[in-house]
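Line order of the protein sequences matches chains A and B. Residues 1 to 190 (this note's numbering) make up the first sequence, in order. Residues 1 to 179 (this note's numbering) make up the second sequence, in order.
You may find that some hints are simply not true.
Derived list of chain B stretches under chain A, where covered just means 3 residues or more per stretch with a C-beta under 8 Å from a C-beta of chain A [to be verified]: (1) 38-44; (2) 111-120; (3) 134-147.
Counterexamples of contact, computed for chain A against chain B with all Cβ distances above 10 Å [claimed, not checked]: (4) R66; (5) L67; (6) G68; (7) S140; (8) G157; (9) L169; (10) A173; (11) A176; (12) I177; (13) R180; (14) I181; (15) A183; (16) R184; (17) R187.
Since the hints were derived computationally from the structure, they do not count as laboratory data. Even for Gly, the Cβ is constructed at its ideal location relative to N, Cα and C.
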Amino acid sequence: MIAPFTDSSTLVAGIVGIGFGFALERAGLGSAPKLAGQFTLTDFTVFKVMFTAIVVAMLGAFWASRLGLLDLARVYVPETFLAPQLIGGAVFGAGFALAGLCPGTSCVSAATGRGDGLAVVLGFLAGVAGTASLLPILQSFYLSTPRGTLLLPDVLGVPYGVVVLAVVLAAGAGFAIAERIEARMARRTG
Amino acid sequence: MSGAARARGASANVHAYASPYATGAGLGVVLLASYILAGRGIGATGAFAVVAAKTIGTALPDAVAANAWLAERATGAILGDWLVVEIIGVAFGGFLSAALAGRLRLGVDRGPRLGIASRLAIAASGGAIMGFGAVFARGCTSGQALTGGALLSTGSWLFVAGAFGAGYLTMFFARRAWT
Numbered sequence: 001m002i003a004p005f006t007d008s009s010t011l012v013a014g015i016v017g018i019g020f021g022f023a024l025e026r027a028g029l030g031s032a033p034k035l036a037g038q039f040t041l042t043d044f045t046v047f048k049v050m051f052t053a054i055v056v057a058m059l060g061a062f063w064a065s066r067l068g069l070l071d072l073a074r075v076y077v078p079e080t081f082l083a084p085q086l087i088g089g090a091v092f093g094a095g096f097a098l099a100g101l102c103p104g105t106s107c108v109s110a111a112t113g114r115g116d117g118l119a120v121v122l123g124f125l126a127g128v129a130g131t132a133s134l135l136p137i138l139q140s141f142y143l144s145t146p147r148g149t150l151l152l153p154d155v156l157g158v159p160y161g162v163v164v165l166a167v168v169l170a171a172g173a174g175f176a177i178a179e180r181i182e183a184r185m186a187r188r189t190g
Numbered sequence: 001m002s003g004a005a006r007a008r009g010a011s012a013n014v015h016a017y018a019s020p021y022a023t024g025a026g027l028g029v030v031l032l033a034s035y036i037l038a039g040r041g042i043g044a045t046g047a048f049a050v051v052a053a054k055t056i057g058t059a060l061p062d063a064v065a066a067n068a069w070l071a072e073r074a075t076g077a078i079l080g081d082w083l084v085v086e087i088i089g090v091a092f093g094g095f096l097s098a099a100l101a102g103r104l105r106l107g108v109d110r111g112p113r114l115g116i117a118s119r120l121a122i123a124a125s126g127g128a129i130m131g132f133g134a135v136f137a138r139g140c141t142s143g144q145a146l147t148g149g150a151l152l153s154t155g156s157w158l159f160v161a162g163a164f165g166a167g168y169l170t171m172f173f174a175r176r177a178w179t
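Let's have the full structure, built from the sequences with the hints guiding it.
Take a look at the structure:
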């Protein structure tokens, strides 16, 4: 039997969630000042954790697919809506820099006793509820530039493996730059 | 970051955190396991959307019935939703890790210049702004950046570009909240 097994059981959901939350807290991503350091250029933990995770999951999925163990076509890929995702991403990033936490990490922050984490959880919930309530009048932008499931290899016209390699190389270069900037900022502030 | 900021904000046990590369690799394995076992990645926004739809539906059922986006998310039992169960797991996993490391602490993490009330107000506002962005982006750092990013979804990488670009731009003006 070839994966994915599309097991929708709550047991899998719970175990995946526990692993996710455990990893975030281990790295220090339940603490808002640490995440904010990504944007003040003093602490690149967000970038390092995010891109290591992307590289590992991407390489795992790519090789499992090549070896015939995983049918990637049956793994759910979020659909692309060009403008809403670029603009929505930008609005999200502005809120992220202010909050110092993203939705997932705010749950970890709140669960480990931080009041600011709880404030982000409640603010995010209110933001989602408010925006969803306004969607009927914002519908035209919400549904604009739909592209369905659109993968980078198709956009760039190169094989899947080439994009995988490019992401690995870009992440590696990013890690080297991040280490360099962190060392420089640590020297500057003592 | 000044010494005072480190002591007050990032806390004294900042060095006790595990390597970001090791934890990132662990997170990548969890994400891969999710693709393999469930045929889908991780997420956070979707869970909040279900809770929001259910909450509005309790107070204003007609409003939810008239809103397709909310109505779609208000059907079914709340604890039957995959992402809701997953996000409860996230909170529990974070709690477990902090408990094992002695990092459970009641308090408000903030920059050295901010009082508790201002920090909570900025945190809630930042959260609300993220909520607006995440609805349009169809996800956040979990569902787009990690899950869609590792599957090479174009929209997910647009989300990453927008989020980091605007994050740095915003911090140019909001620096004093953190330093």
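A quick look at each hint next to the structure:
1. Counting residues of the stretch 38-44 of chain B whose beta-carbon sits less than 8 Å from any beta-carbon of chain A gives 6, enough to reach three: the coverage restraint holds.
2. With 4 residues carrying a beta carbon less than 8 Å from a beta carbon of chain A, the stretch 111-120 of chain B meets the three-residue requirement, and the given coverage holds.
3. Coverage of the stretch 134-147 of chain B by chain A holds in this model, with 14 residues showing a Cβ closer than 8 Å to a Cβ of that chain against a need of three.
4. With 10 Å as the threshold on Cβ separation, the claim that R66/A sits away from chain B holds: the shortest Cβ distance comes to roughly 14 Å.
5. The claim that L67/A is not at the interface with chain B holds, since no C-beta of that chain comes within 10 Å of its own (minimum 12 Å).
6. At roughly 13 Å, the least C-beta separation between G68/A and chain B is larger than 10 Å, which holds for a residue marked as non-interface.
7. Taking the minimum C-beta to C-beta distance to chain B, about 12 Å, the non-interface status of S140/A holds against the 10 Å cut.
8. In this structure G157/A is separated from chain B by more than 10 Å, as the shortest Cβ-Cβ distance comes to about 13 Å.
9. With 10 Å as the threshold on Cβ separation, the claim that L169/A sits away from chain B holds: the shortest Cβ distance comes to roughly 14 Å.
10. Listed as a non-interface residue, A173/A keeps its Cβ farther than 10 Å from every Cβ of chain B; the least gap is roughly 15 Å.
11. Even its closest Cβ contact with chain B, about 12 Å, leaves A176/A beyond 10 Å, as expected for a residue assigned away from the interface.
12. For I177/A, the condition that its CB be more than 10 Å from all CB atoms of chain B holds, with the nearest at approximately 13 Å.
13. With a closest Cβ-Cβ approach of about 15 Å to chain B, R180/A is found to remain outside the 10 Å limit, as its non-interface label requires.
14. In this structure I181/A is separated from chain B by more than 10 Å, as the shortest Cβ-Cβ distance comes to about 12 Å.
15. Annotated as non-interface, A183/A keeps its C-beta farther than 10 Å from every C-beta of chain B; the closest such distance is 14 Å.
16. Remark: the non-interface label on R184/A is consistent with the geometry, its nearest Cβ contact in chain B lying 13 Å away (cut-off 10 Å).
17. The Cβ of R187/A sits about 13 Å from the closest Cβ of chain B, beyond the 10 Å cut-off, so the non-interface label holds.
The structure fails none of the hints (numbered hints given earlier).
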